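K.L.:
These protein sequences, in sequence, are chains G and X.
For the first sequence, numbering that gives the first Met the number 0 assigns the number 0 to the initial residue and increments by one for each residue that follows.
For the second sequence, numbering that gives the first Met the number 0 assigns the number 0 to the initial residue and increments by one for each residue that follows.
Misleading hints may appear alongside valid ones.
[What the hints assert, rightly or not] What the simulated footprint calls covered on chain G by chain X, stretch by stretch (three residues with Cβ under 8 Å from a Cβ of chain X suffice, anywhere in the stretch; the number is not a length):
{"id": "1", "region": "33 to 43"}
{"id": "2", "region": "69 to 75"}
{"id": "3", "region": "85 to 94"}
{"id": "4", "region": "112 to 120"}
For the record, the hints were derived by calculation from the structure and aren't laboratory data.
The structure presented is a predicted model; accordingly, all values stated were derived computationally and were not measured.
Backbone N, C-alpha and C fix where the C-beta goes; we use that ideal spot for every residue, glycine too.
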Amino acid sequence: MSAPKENVVVADRAMAPYWEAARAGRLLLRRCSACSELHYYPRPLCPFCLSSEGEWVEASGEGVIYSWSVERRANPPYAIAFVTLREGPTLMSNIVECDLDGLSVGQAVRLQFEEREGQPVPVFKPA
Amino acid sequence: MTIKGKAYIAGIYEHPTRKAEGIPLAQLHAEVAKGALDDAGLTVADVDGYFCAGDAPGLGGFSMAEYMGLRVRQTDCTETGGSSYIAHLNHASQAIATGKIKVALITLAGKPRTGGAPPGRPPMAVIPPDAPFELPFKPTVLNLYAMCARRHMHEFGTTSEQLAWIKVAASHHAQHNPHAMLREVVTVDEVVNSPIVADPLHRLDCCVVSDGGGALVVVAPEIAAQLQRPKVRILGAGEAIKHTNGGEMDITWSGAVWSGAKAFEEAGVRPADIKYVSVYDSFTITVLMQLEDLGFCAKGEGGRFVSDGNLISGVGKLPFNTDGGGLCNNHPGNRGGMTKVLEAVRQLRGEAHPAVQVKNCDLALAHGTGGYLPTRHGSATVILERA
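Here chain G stands alone, though its shape is the one from the complex:
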């Protein structure tokens, strides 16, 4: 892919609550106070109206697989997916602790966190 490192948490004051919550095993979404839209990945300016007034909302951790693939040439192979959260937004993640031949679109999955290069990131496993 495009950037120099796999896991780049840039020095970013506005996103500090997101990464702190991740360390506590919680996934935060962003809701705009002006237009009320939820969005992900989180930004300090709403991508629907550019308002800088917003609040953090904790995701329930429930979601379904919107689409998935298994990178077969990797060693070991791994599952990547877009997961649609119960709250609405769809995000990129991995499906872990799963049968790589048993995944399906619409399958219910549950949030957990895994460390990637020392940084906890949201992943999902079959519910």
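Position chain X against the provided structure of chain G, taking the given hints into account.
P.N.:
For chain X alone, kept in the frame of chain G given last:
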């Protein structure tokens, strides 16, 4: 204000190399520039506008302008990945239509096989804001496009066999191209029985990785009138960016929905009028989605539309990528937009290989996608007419 009929493609060139051992990027750019200017019957002194993307070495167009001795009044380094060169064609036409320039040169070159930028890696000096939320999950070009295929299969019942027909059609065309990397005709069975690289995509659903390049010379009508080669008129163009939209995603369609509609509107023609189409074929699914999005069939009907040889010249209703495309011929620098225009121009000139030349080919469309289909990509469409 429109570009319709106000600019002409006067020269084209495709570099014959597929493995440019010992030839630096700058030389490839200059060689394709010379080839396209020779084809047009113009010289480097005639060029007053230069267009290149992130594959050109150096900052913007500076280094290549210097290397080739260009003196230009307008330059444009729009970087939209593989769709860049079709966007450049649009921008060059705009600059010509408004009288800013008269002769535009557009170049592409890449060396993913022999030490240029590694495959699938556009130059990106600054870390994009999406990176911390995506890169930990190891997205690759393969698994990203595969997820579009998976969702398309889920929503519309598209099958691997239907996708395979796209590769089969490309291979039928490539057998006639002496420069093509893969000239062997393949069958649906061979495609679906090739190894899965990223579910549901097989190895033969993927394009080749090649070195090479290409160039276009675009001119004002009064210049075109003085030239000897067959002329190709630009009728309309459109561009779009599609992204993840704050997480409200639908990855079954591409920005071609927008760029195609704009191009058809400007050209004043309809999909049914198009005799030949060049569409970006990084993967079979890319072709299928774009054909739907450009309006050649209804959304979700792409699988049936591409089946049974419908894309094979002389067999089906919509001949596509008659040079073998990225799936079989070449994919210079992992950027397919340039070669799409080159084969569309050959078809309109009547200079495609006789075995794949479309009869009475007077109207063609070329479309490119750049970037990553499910997350963020650029789309660019151009409609061309034999003058």
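K.L.:
For this structure, which hints from the list above don't hold up?
P.N.:
none
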